[in-house]
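Participant: Below, each chain spelled out in residue letters.
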Amino acid sequence: MPPPRPRRRHRLAALLCAAAGATGCGERADSFQPNGLLRATGGLTDEQSSSIDAALAELFGSPDEPRLPPELPRMAELCDLAALQQAAGPVASHEVGVTQGLYRRHCARCHGVTGDGRGPTARYQSPYPRDFRRGVFKWKSTYRDAPPTVADLDRVLEHGVPGTAMPSFRLLSEEEREILQQYVIYLAIRGQTERALVSLVADELPAGEPLRLEGDLRDEVMSESLAPIVAAWVDAESDVVSPPDSSEVDDRLIARGRDLYHSEKAGCFKCHGAAGQGGAVAGKDYEIDYDRWTRERVVARPSDAVAHLVRQDLPIRPSRPRQLIGATPHGGDATADLYRRVHQGIAGTTMPAVGGAYPGQPGSLTDEEVQSVVVYLQSINPKESPL
Amino acid sequence: MFKRAGIVISLLLAAGIVDGAGGLSGRIVVVGAVPPAEALPPGRDACCQAAGPVDQSVVVGPEGGLANVVVSVEPRRGEPAPPADDAVPEEPATLTNRGCAFIPRVLVVRVGQPLVLANNDPTMHNVDIEFVRNRPANVVVPPDGRREFDLVKPERRPIGVRCNVHPFMQAWVVVRDDPFAAVTDESGEFELAELPSGEWRLRFWREGKPFVGLQIGSSATDERGEVVLAIPAGGLQLGDLRVAATDLR
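Going line by line, the protein sequences match chains A and B. Per this note's numbering, the first sequence starts with residue 42, numbered consecutively. Per this note's numbering, the second sequence starts with residue 15, numbered consecutively.
Hints listed in this document are in silico derivations from the structure and should not be mistaken for laboratory results. One thing to keep in mind: the hints can contain errors.
[Stated by the list, open to error] Pairwise CB distance ranges (calculated): (1) PRO106(B) with GLY320(A): 35 to 41 Å; (2) SER232(B) with SER279(A): 33 to 39 Å; (3) ILE357(A) with SER232(B): 41 to 47 Å; (4) ASP300(A) with VAL166(B): 33 to 39 Å; (5) ASP345(A) with SER232(B): 27 to 33 Å; (6) PRO111(A) with CYS61(B): 53 to 59 Å.
Where a beta carbon is used, it is the ideal one built from N, C-alpha and C, also for glycine.
Only chain A is shown next, with the shape it has when bound in the complex:
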């Protein structure tokens, strides 16, 4: 545990924040926000919910004092404790060029102190800022169900997400971006752990029994639930989808892609429209569909507690198939980006995969067919952006 910070730091932080005109960034935050909806839908009692908060605090610390669980040694391969400490806590600077509280300085206003995508400005953005707690990220190079690589997160930090409120952080030093990237992974793993613990309490423990994370239960949770979560992050590099060497783009390949786009085999046109105009879904009354983050809040016959939480939360917005012509793709428009997006779809969203779900699994399109769809999309949408 790091030594308590001297009081002087709080005064400095308060001054800095006042100067920046930001609200809340200098405030201390003793605890992360619990995922109330997850716990209410799991039918947890207040006592059970508090026991999960206590277990999470014991494992991961607080927004001011992060911790790494000693039983998850591989987490140190992703997150350096000193880096997390510099990202966490209120904003302060005691040395020229060194900023403490980087996450609250640069990220928390949108992504929230907890990384739940519910910072004070989230409500006014479209799309909403990413909620890290599922460990699911859209713009990445890996197979659909794998976490992003470190390089993927770095890339989003460096370039931002074009067409959204996520800006480029190229003005930060590489070191600061790396610290933030590590802290995002820390928040994601913490959120995934919360989900695993709620599931354990809701569906495995005797009714009403609070979580006591000790003894055999602790060993089992660590080895069977949490270690695999961490391992997936550490091993993400080995789950990267490799686009084939760029094949010769000729009219025949483009024509093949065009046929596939409009075919029942790939079915792109069903959602993105015959002309790539987007927004079309089979059936006018059923245009409404949701991504993973939102679907959880669309509950049929909710209990009073769940209905109350949903009302208080961000307004529910349906997802819409993207316009493919004349719009900036959020996930980048390089050939490799488009290839991976068609091959794996977009994690957490309604956009499905036409490629295999893991290396070696046959998809509904061959890799070459995926490539042809990509060159067709490029042919109807000449590249203008320098990205």
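Given chain A's structure and the hints, the job is docking chain B onto it.
Facilitator: Frame of chain A; chain B shown alone:
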């Protein structure tokens, strides 16, 4: 897991609880008028329009049987679990897109048994399965297409399955590492033939949620859809379990 199961078997044998073939069966019956299933706007695909999909969240047979209720043995931590065989079926469990609906609506599959996604429709579908402990998938299945997936862990709840191209389509997959889960058929009947005698915690699910308040003898399923039943050596026939039509929607 095996160690725990082993201990449970020894305990049960020592207590003389596992002393007969057991078995559990019953029939869930709807009392009262059930409104006809609503037609779902089928979208622009001709084959979906021709199939005329209807809302299948309540499927009641001609004699009032309630289909698609999952009945499973789900001991809480520390409670005894019935000993399970290792005989995992080799033939795949198949979820088929037919008439712009998933067939069956509720599919039970064993860990180690291949899960196959098939498509008999002339339109493409995508199959979006929100697995929690297995790899989640959302893949395109073209006409006559077939995708196969391996399942490595049992899921704690029925997992929702959807098609995002035809968002009215819905199914549920129940992933088990034992044979103690059944789904009521069109007559509302279910049977856990291999459930040995003993006292077991049962859980009832409907449309992915706990089936709360189902009256079984003098008790009813609780907020989690659970009830503890003693299965005698000769098995237990629950007979008709009645549920009011007004409680279903």
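Participant: Decide, hint by hint, whether the structure agrees.
Facilitator: Status of each hint after checking the structure:
1. For the pair PRO106(B) and GLY320(A), the supplied restraint of 35 to 41 Å holds, since their beta-carbon distance comes to about 37 Å.
2. For the pair SER232(B) and SER279(A), the beta carbons lie near 56 Å from each other, so the given range of 33 to 39 Å is not met.
3. A hinted range of 41 to 47 Å for the beta carbons of ILE357(A) and SER232(B) is consistent with their spacing of about 42 Å.
4. Between ASP300(A) and VAL166(B) the C-beta distance comes to about 37 Å, which sits within the given range of 33 to 39 Å.
5. The supplied range of 27 to 33 Å is met by ASP345(A) and SER232(B), whose beta-carbon atoms lie about 29 Å from each other.
6. The hinted range of 53 to 59 Å is satisfied by PRO111(A) and CYS61(B), whose Cβ atoms lie roughly 57 Å apart.
Consistency with the previously given hints fails for number 2 only.
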